[in-house]
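Asks: Line by line, the protein sequences give chains A and B.
Each residue of the first sequence is one higher than the last, beginning at 22 in my numbering.
Each residue of the second sequence is one higher than the last, beginning at 69 in my numbering.
Keep in mind the hints are simulated off the structure, nothing from the lab.
Virtual Cβ for every residue (Gly too), placed ideally from N, Cα, C.
You may find that some hints are simply not true.
[Claimed, not checked] Cβ-Cβ distance ranges computed for the label pairs, FRET-style:
{"no.": "1", "chain 1": "B", "residue 1": "Gly203", "chain 2": "A", "residue 2": "Glu98", "range": "17 to 27 Å"}
{"no.": "2", "chain 1": "A", "residue 1": "Gly88", "chain 2": "B", "residue 2": "Asn285", "range": "55 to 65 Å"}
{"no.": "3", "chain 1": "B", "residue 1": "Lys294", "chain 2": "A", "residue 2": "His30", "range": "12 to 22 Å"}
{"no.": "4", "chain 1": "A", "residue 1": "Asp113", "chain 2": "B", "residue 2": "Lys289", "range": "48 to 58 Å"}
{"no.": "5", "chain 1": "A", "residue 1": "His30", "chain 2": "B", "residue 2": "Glu156", "range": "42 to 52 Å"}
{"no.": "6", "chain 1": "B", "residue 1": "Ile215", "chain 2": "A", "residue 2": "Lys84", "range": "34 to 44 Å"}
{"no.": "7", "chain 1": "A", "residue 1": "His30", "chain 2": "B", "residue 2": "Asp116", "range": "27 to 37 Å"}
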Amino acid sequence: MAKIIYIEHNGKEHIVEVQNGLTVMEGAVQNDIPGIDADCGGSMSCATCHVYVKEDWYDKLPKKEMGEDDMLDQAYEPNSNSRLSCQISVSDDLDGLTVHMPEKQV
Amino acid sequence: MIKTDVVIVGAGPTGLFCAHQLGIIGLKCEIVDNLDKIGGQCIELYPDKPIYDIPAVPECTGEELTNNLIEQIKPFKFNFHLNDRVQELTSKNEDWIVKTTNGKEFHTPNVVIAGGVGSFEPRKFPTKSAEKFDGTSVLYSIKDKTIFKDKSVAIFGGGDSALDWAIELSKNSKVSLIHRRDEFRGAPASIQKIKDLSKKNIINLFTKYSIKDVMGNGSLKEVEIKSESGESKILKADYVLGFFGLIMQLGPIAEWGLNLDKKVIPVNTENFETNKKGIFAIGDICTYPGKLKLILSGFHEGALAARGCFKYARPDEKYRFEFTTASNTIKDRLGVK
Numbered sequence: 022m023a024k025i026i027y028i029e030h031n032g033k034e035h036i037v038e039v040q041n042g043l044t045v046m047e048g049a050v051q052n053d054i055p056g057i058d059a060d061c062g063g064s065m066s067c068a069t070c071h072v073y074v075k076e077d078w079y080d081k082l083p084k085k086e087m088g089e090d091d092m093l094d095q096a097y098e099p100n101s102n103s104r105l106s107c108q109i110s111v112s113d114d115l116d117g118l119t120v121h122m123p124e125k126q127v
Numbered sequence: 069m070i071k072t073d074v075v076i077v078g079a080g081p082t083g084l085f086c087a088h089q090l091g092i093i094g095l096k097c098e099i100v101d102n103l104d105k106i107g108g109q110c111i112e113l114y115p116d117k118p119i120y121d122i123p124a125v126p127e128c129t130g131e132e133l134t135n136n137l138i139e140q141i142k143p144f145k146f147n148f149h150l151n152d153r154v155q156e157l158t159s160k161n162e163d164w165i166v167k168t169t170n171g172k173e174f175h176t177p178n179v180v181i182a183g184g185v186g187s188f189e190p191r192k193f194p195t196k197s198a199e200k201f202d203g204t205s206v207l208y209s210i211k212d213k214t215i216f217k218d219k220s221v222a223i224f225g226g227g228d229s230a231l232d233w234a235i236e237l238s239k240n241s242k243v244s245l246i247h248r249r250d251e252f253r254g255a256p257a258s259i260q261k262i263k264d265l266s267k268k269n270i271i272n273l274f275t276k277y278s279i280k281d282v283m284g285n286g287s288l289k290e291v292e293i294k295s296e297s298g299e300s301k302i303l304k305a306d307y308v309l310g311f312f313g314l315i316m317q318l319g320p321i322a323e324w325g326l327n328l329d330k331k332v333i334p335v336n337t338e339n340f341e342t343n344k345k346g347i348f349a350i351g352d353i354c355t356y357p358g359k360l361k362l363i364l365s366g367f368h369e370g371a372l373a374a375r376g377c378f379k380y381a382r383p384d385e386k387y388r389f390e391f392t393t394a395s396n397t398i399k400d401r402l403g404v405k
């Protein structure tokens, strides 16, 4: 279990407990947090669960697998802090992880 | 004007199998899809990815599944209207009138929405100023490459479309290729070619840059690009092309009064009809208690929706349930003995 902090583009904060093994994307969708669309359902086939992770946490996350950066090329305003939240698996180590949502996903 | 029993919106697996079921029970249908090919997400998003949960098919790719579904409905000779999108839905007497972006008009008692998460459309530049040049000098696809002859063209993107067009247009135009990172996701041969052309100064390559602004009065003159550290450059550009893949947009369906709840349409589970008589929704786009977004659920929903269509298409006939193994009528429809 980890506490994940989702911050919408307008600054609104959502703090939820997410079970280990779920992804950061699923944590948002299951808790009705707006700002993450996840159109493809987590198969790394779209780029609508895009989030920004600031450096302090970015470096602690498991590295991107092949294909994630390719998908991020197709996201809305990606930058070097970008991740697909469907590819971040929650574990105790991620307690306190903060992700920022882009202005929009599509 | 085309008169038919059912218009299916969306040519993904769910729409295709629903068409099969309509054919089996003797109804006609027309299938509309915004993509230029049949198959929906299976063909656009994951043609090569294996699927493991199609009943009785241990493993198949999105492309194989699509090809088999196309094969399965071949006997019915249904029409596909690709590269077209349903735009408008109005009712007239007992019929629905469906109009498409390309100006087609269908009259039908039934519409089956099998639209998945929406229609695929190119992702556009986030830059507000790009909107006023949209379709004239800011483009997301190329119909006629001759317009770029002797012009300055700025191409954004890192996949095959961006690379292939950069290579092709560099023969007759001054091409700049701009991508947000150093790695490209295109074919290795294309990436090598881009690097060679860049070395020879035939293509101006800018990596770790993205679009900031487009400028021009009336016609486009320049594009401003920025690096993540905030450094910006201004490039001469008569045309700006963006190749960022496709996104899914629900589009006009959202305006049809179907009580949408977070981009999905509530239906009953008896025949998957919506709150409007003769409008059905199946597959990923529909919702009901216990809904699973699986292809197999879409097949089930399509089979029941097809029966739901029957009563409006053939109000004077009684629907008779038959098995494909036993019914001569069905075998005739399939053209088998």
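Asks: All hints are to be evaluated individually against the structure, with a verdict given for each.
Replies: For each hint, the structure was consulted:
1. Distance hint check for Gly203 (chain B) and Glu98 (chain A): the Cβ-Cβ separation is about 22 Å, which falls inside the suggested range of 17 to 27 Å.
2. The supplied range of 55 to 65 Å is broken by Gly88 (chain A) and Asn285 (chain B), whose beta-carbon atoms lie about 42 Å from each other.
3. As the Cβ distance of Lys294 (chain B) to His30 (chain A) is approximately 19 Å, the hint placing it in 12 to 22 Å holds.
4. As the Cβ distance of Asp113 (chain A) to Lys289 (chain B) is approximately 55 Å, the hint placing it in 48 to 58 Å holds.
5. Range check, His30 (chain A) to Glu156 (chain B): about 33 Å between beta-carbon atoms, so the 42 to 52 Å window is missed.
6. Restraint check, Ile215 (chain B) to Lys84 (chain A): a C-beta distance of roughly 43 Å satisfies the suggested window 34 to 44 Å.
7. Take His30 (chain A) and Asp116 (chain B): their Cβ atoms lie about 34 Å apart, and the range 27 to 37 Å holds.
In summary, the structure is inconsistent with hints 2 and 5 from the numbered list given earlier, while agreeing with the others.
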